[in-house]
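*Asks:* Chain residues, written in single-letter form:
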Amino acid sequence: EAQVTQNPRYLITVTGKKLTVTCSQNMNHEYMSWYRQDPGLGLRQIYYSMNVEVTDKGDVPEGYKVSRKEKRNFPLILESPSPNQTSLYFCASSLSTVLSTNEKLFFGSGTQLSVL
Amino acid sequence: DQQVKQNSPSLSVQEGRISILNCDYTNSMFDYFLWYKKYPAEGPTFLISISSIKDKNEDGRFTVFLNKSAKHLSLHIVPSQPGDSAVYFCAASDFSGNTPLVFGKGTRLSVIA
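In order, the protein sequence lines correspond to chains A and B. Under this note's numbering, the residue at position 103 of the first sequence is numbered 103, and the numbers go up by one with no gaps. Under this note's numbering, the residue at position 76 of the second sequence is numbered 76, and the numbers go up by one with no gaps.
By construction, these hints were calculated from the structure, which means they are not laboratory data. Possibly wrong hints are sitting among the right ones.
[As the list claims (entries may be wrong)] Using 25 Å as the maximum straight-line C-alpha spacing, the simulated SDA-like pairs for lysine to any residue come out as follows:
(1) B/Lys-5 - A/Asp-56
(2) A/Lys-71 - A/Val-54
(3) B/Lys-37 - B/Gln-2
(4) A/Lys-104 - B/Asn-22
(5) A/Lys-71 - B/Pro-100
(6) A/Lys-71 - B/Phe-46
[Said to hold, decoys possible] Here are some of the chain B residues that sit facing chain A, going by a computed Cβ distance under 10 Å:
(7) Gly-43
(8) Lys-105
(9) Gly-106
[Said to hold, decoys possible] Heads up, incomplete: computed chain B residues facing chain A, CB under 7 Å, no partners named:
(10) Glu-42
(11) Pro-44
(12) Phe-46
(13) Pro-100
(14) Phe-103
(15) Gly-104
Just so you know, even glycine gets a beta-carbon here, dropped at the ideal spot from N, CA and C.
Turn these sequences into a full structure, and let the hints steer you where they fit.
*Replies:* What follows is the structure in structure tokens.
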């Protein structure tokens, strides 16, 4: 089954304790992206990657790192989490960045992160 | 500056009636528009899209209308069903792929039985 898999679904941590949220897709997609969803702010892009070893900042990259060492994986790293990073995080992928009527962005189920 | 705006945070509609969700954009380079639907505890899922060469795209109960001169699009759901209750995100991009998909803040639709 074609899917985007994020882990964990729920995570509670404390300020300053490094964490990684994993994301994997099995569709051989070139494009992957991370979003955070906050009440009243919708989906905001954190980082994206157009291909292996190519990453770019989105709208809200501060406090986050990503890596794209292989096509299927795109982990999101919080080196020193802070309470303002408490949010619902979504990973997404698509075949390419050139969207068309046959192309769309597939999302994972989300990771609810709480930083105390 | 918000490039994709959904000015109504929420909307309530009676079952069987029409739901109209609106979206405005500011970037004239956008030429491809999508609607995503999100249920609680799930990721957004693609619903319907439209390219700028069209002004209407229909898929079953869902129709998206695009008014390029007004930089406005709307999603019509007819007839609305309780299962349509979700958050709907409008998104925009350009065919070149140079601009990653930009999302609006979303509109929460509640369809009341």
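*Asks:* Give a verdict on every hint.
*Replies:* Going down the list of hints, with the structure as the test:
{"no.": "1", "hint": "B/Lys-5 - A/Asp-56", "result": "holds, 24 Å"}
{"no.": "2", "hint": "A/Lys-71 - A/Val-54", "result": "holds, 10 Å"}
{"no.": "3", "hint": "B/Lys-37 - B/Gln-2", "result": "holds, 20 Å"}
{"no.": "4", "hint": "A/Lys-104 - B/Asn-22", "result": "holds, 21 Å"}
{"no.": "5", "hint": "A/Lys-71 - B/Pro-100", "result": "holds, 18 Å"}
{"no.": "6", "hint": "A/Lys-71 - B/Phe-46", "result": "holds, 22 Å"}
{"no.": "7", "hint": "Gly-43", "result": "holds, 3 Å"}
{"no.": "8", "hint": "Lys-105", "result": "holds, 3 Å"}
{"no.": "9", "hint": "Gly-106", "result": "holds, 5 Å"}
{"no.": "10", "hint": "Glu-42", "result": "holds, 6 Å"}
{"no.": "11", "hint": "Pro-44", "result": "holds, 5 Å"}
{"no.": "12", "hint": "Phe-46", "result": "holds, 4 Å"}
{"no.": "13", "hint": "Pro-100", "result": "holds, 5 Å"}
{"no.": "14", "hint": "Phe-103", "result": "holds, 4 Å"}
{"no.": "15", "hint": "Gly-104", "result": "holds, 6 Å"}
When each numbered hint is compared with the structure, no violation occurs for any of them.
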